[in-house]
Amino acid sequence: MSTGLNDNEIISEVLNGNQQAYAALVNRYQNYVFTLCLRIVKGREDAEEVAQDVFIKAYKYLADFRGAAKFTTWLYTIVNNTCISFLRKKKLDIHSLDNEKVFEVADSQDSGMRANLVEQKSRVSMVNEAIGLLSPADAEIITLFYKAEQSLEETAQVLGIEVNAAKVRLHRARTRLKEKMETYFIEEVRNLN
Amino acid sequence: MDTQHNIEERLWNFIDGSATTDEKTVIEQLLETDAAWKAKYSELLQVNDLLKSSELEAPSMRFSKNVMEEISKLHIAPATKTYINNKIIWGIGFFFIALLVGFLIYGFGQMEWTSGSESSISKNISKIDLSKFFNNSFVNVFMMINVILGLFLLDNYLNSKRKAFRKEA
Chain A
55 MSTGLNDNEI ISEVLNGNQQ AYAALVNRYQ NYVFTLCLRI VKGREDAEEV AQDVFIKAYK
115 YLADFRGAAK FTTWLYTIVN NTCISFLRKK KLDIHSLDNE KVFEVADSQD SGMRANLVEQ
175 KSRVSMVNEA IGLLSPADAE IITLFYKAEQ SLEETAQVLG IEVNAAKVRL HRARTRLKEK
235 METYFIEEVR NLN
Chain B
640 MDTQHNIEER LWNFIDGSAT TDEKTVIEQL LETDAAWKAK YSELLQVNDL LKSSELEAPS
700 MRFSKNVMEE ISKLHIAPAT KTYINNKIIW GIGFFFIALL VGFLIYGFGQ MEWTSGSESS
760 ISKNISKIDL SKFFNNSFVN VFMMINVILG LFLLDNYLNS KRKAFRKEA
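For the record, the sequence lines run as chains A and B. Residue numbering for the first sequence follows the numbering used here, starting at 55 and increasing by one per position. Residue numbering for the second sequence follows the numbering used here, starting at 640 and increasing by one per position.
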């Protein structure tokens with residue numbers, strides 16, 4: 055089994071005809087890719103479908119990965135593009151996932167969550183739920199930076215924007231997350247202090 | 640005076656490690672001396688820790704199996720760079736460069752370099768006579784059609800090359 059190999063070694067194996075070696079890459083990154091998809095498309099079934107599509111696309115165009123950047127950076131670029139296409143197909147007015155309409159859609163989709171606000175939640179589930187309340191663009195940049203092991207430069211590369219723009223977007227996303235936590239998870243936030 | 644927004648932005652840069660060395664020193668000093676900065680810093684640090692503690696979600700148990708089943712029906716596409724002929728790209732580049740250089744040489748050849756006045760260049764540019772070569776609108780139209788046909792031929796040629804390469808693969 056090729057689980058002890060690094061990404062580039064696994065890719066070489068796959069390109070040399072060992073299709074089964076690709077399973078190691080899928081197992082290694084399925085949670086990252088799925089989480090990122092879930093944060094953008096907001097729905098487990100849709101996220102799983104998109105995540106599957108991402109791995110299929112990555113396999114199909116694996117020969118185009120030149121190893122100049124990290125494999126994950128290349129993979130998350132596919133995630134970003136596939137999610138945008140998916141949302142476009144769903145007829146959401148997205149403007150690169152970053153406008154108020156989507157923000158409102160994300161808000162309304164999780165209205166059920168607010169009913170449970172009285173419940174005490176663990177730190178982790180509170181953060182996950184608060185991220186779920188963010189717009190797809192904000193949730194994506196936070197997930198890329200904090201959970202997908204991407205530097206600010208790599209995050210900018212995945213999103214196809216300048217590093218400074220990524221910095222501003224990340225700052226804005228964190229501010230909005232803080233607002234969401236203070237609005238919807240006031241009890242939990244108080245308990246943290 | 641620092642606004643609240645500005646303080647947060649500078650502190651986030653400090654926390655993310657993207658602040659410059661000078662900025663770091665300034666912020667470290669502010670954190671030691673200014674209570675407001677210190678309070679904001681601990682607040683942001685808490686958000687940062689919370690974000691780091693968020694968990695990854697897992698897809699269904701069959702996810703990996705589904706992907707492997709799907710890819711078993713597929714072949715890896717050849718790398719884009721292998722079916723793009725660099726010689727053609729360079730050829731097109733050289734053609735346009737040669738065209739530009741030709742026009743420049745002709746244009747400079749038409750100028751009177753001996754004239755002393757400062758504005759002679761702008762005057763002389765208007766004197767450049769291209770009508771010797773493009774003196775008839777029919778010729779211009781004919782050339783334009785030729786260029787378009789040339790591009791169509793090139794596109795067909797590249798497409799056939801790509802198809803042939805895919806068949807080989």
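Just to be clear, a hint being listed does not mean it is correct.
So the derived label-pair ranges between C-beta atoms look like this [unchecked claim]:
{"id": "1", "chain 1": "B", "residue 1": "Trp729", "chain 2": "A", "residue 2": "Asn60", "range": "34 to 40 Å"}
{"id": "2", "chain 1": "B", "residue 1": "Leu790", "chain 2": "A", "residue 2": "Gly97", "range": "42 to 48 Å"}
{"id": "3", "chain 1": "B", "residue 1": "Asn798", "chain 2": "A", "residue 2": "Arg142", "range": "45 to 51 Å"}
{"id": "4", "chain 1": "A", "residue 1": "Arg142", "chain 2": "B", "residue 2": "Trp729", "range": "34 to 40 Å"}
{"id": "5", "chain 1": "A", "residue 1": "Arg142", "chain 2": "B", "residue 2": "Gly746", "range": "45 to 51 Å"}
{"id": "6", "chain 1": "B", "residue 1": "Phe747", "chain 2": "A", "residue 2": "Glu203", "range": "27 to 33 Å"}
{"id": "7", "chain 1": "B", "residue 1": "Ile727", "chain 2": "A", "residue 2": "Arg142", "range": "30 to 36 Å"}
{"id": "8", "chain 1": "B", "residue 1": "Ile744", "chain 2": "A", "residue 2": "Lys111", "range": "15 to 21 Å"}
{"id": "9", "chain 1": "A", "residue 1": "Gly71", "chain 2": "B", "residue 2": "Asn779", "range": "22 to 28 Å"}
{"id": "10", "chain 1": "A", "residue 1": "Ile138", "chain 2": "B", "residue 2": "Phe742", "range": "50 to 56 Å"}
{"id": "11", "chain 1": "B", "residue 1": "Ser699", "chain 2": "A", "residue 2": "Arg142", "range": "35 to 41 Å"}
If you're looking for bench data, these hints aren't it; they were derived computationally from the structure. All residues carry an ideal CB built from backbone N, CA and C; glycine is no exception.
Results for each hint:
1. B:Trp729 to A:Asn60: 34 to 40 Å: For B:Trp729 and A:Asn60 the Cβ distance comes to about 36 Å; the hint holds.
2. B:Leu790 to A:Gly97: 42 to 48 Å: Roughly 45 Å apart at Cβ, these two residues keep to the hinted range, so it holds.
3. B:Asn798 to A:Arg142: 45 to 51 Å: violated (27 Å)
4. A:Arg142 to B:Trp729: 34 to 40 Å: The hint (34 to 40 Å, Cβ to Cβ) holds, given that A:Arg142 and B:Trp729 are roughly 37 Å apart.
5. A:Arg142 to B:Gly746: 45 to 51 Å: Given a distance of about 48 Å, which is inside 45 to 51 Å, the answer is holds.
6. B:Phe747 to A:Glu203: 27 to 33 Å: violated (56 Å)
7. B:Ile727 to A:Arg142: 30 to 36 Å: holds (33 Å)
8. B:Ile744 to A:Lys111: 15 to 21 Å: violated (49 Å)
9. A:Gly71 to B:Asn779: 22 to 28 Å: Taking Cβ atoms as reference, A:Gly71 and B:Asn779 lie about 55 Å apart, which means the hint is violated.
10. A:Ile138 to B:Phe742: 50 to 56 Å: Taking Cβ atoms as reference, A:Ile138 and B:Phe742 lie about 43 Å apart, which means the hint is violated.
11. B:Ser699 to A:Arg142: 35 to 41 Å: violated (25 Å)
Hints 3, 6, 8, 9, 10 and 11, counting from the list given before, are not met by this structure.
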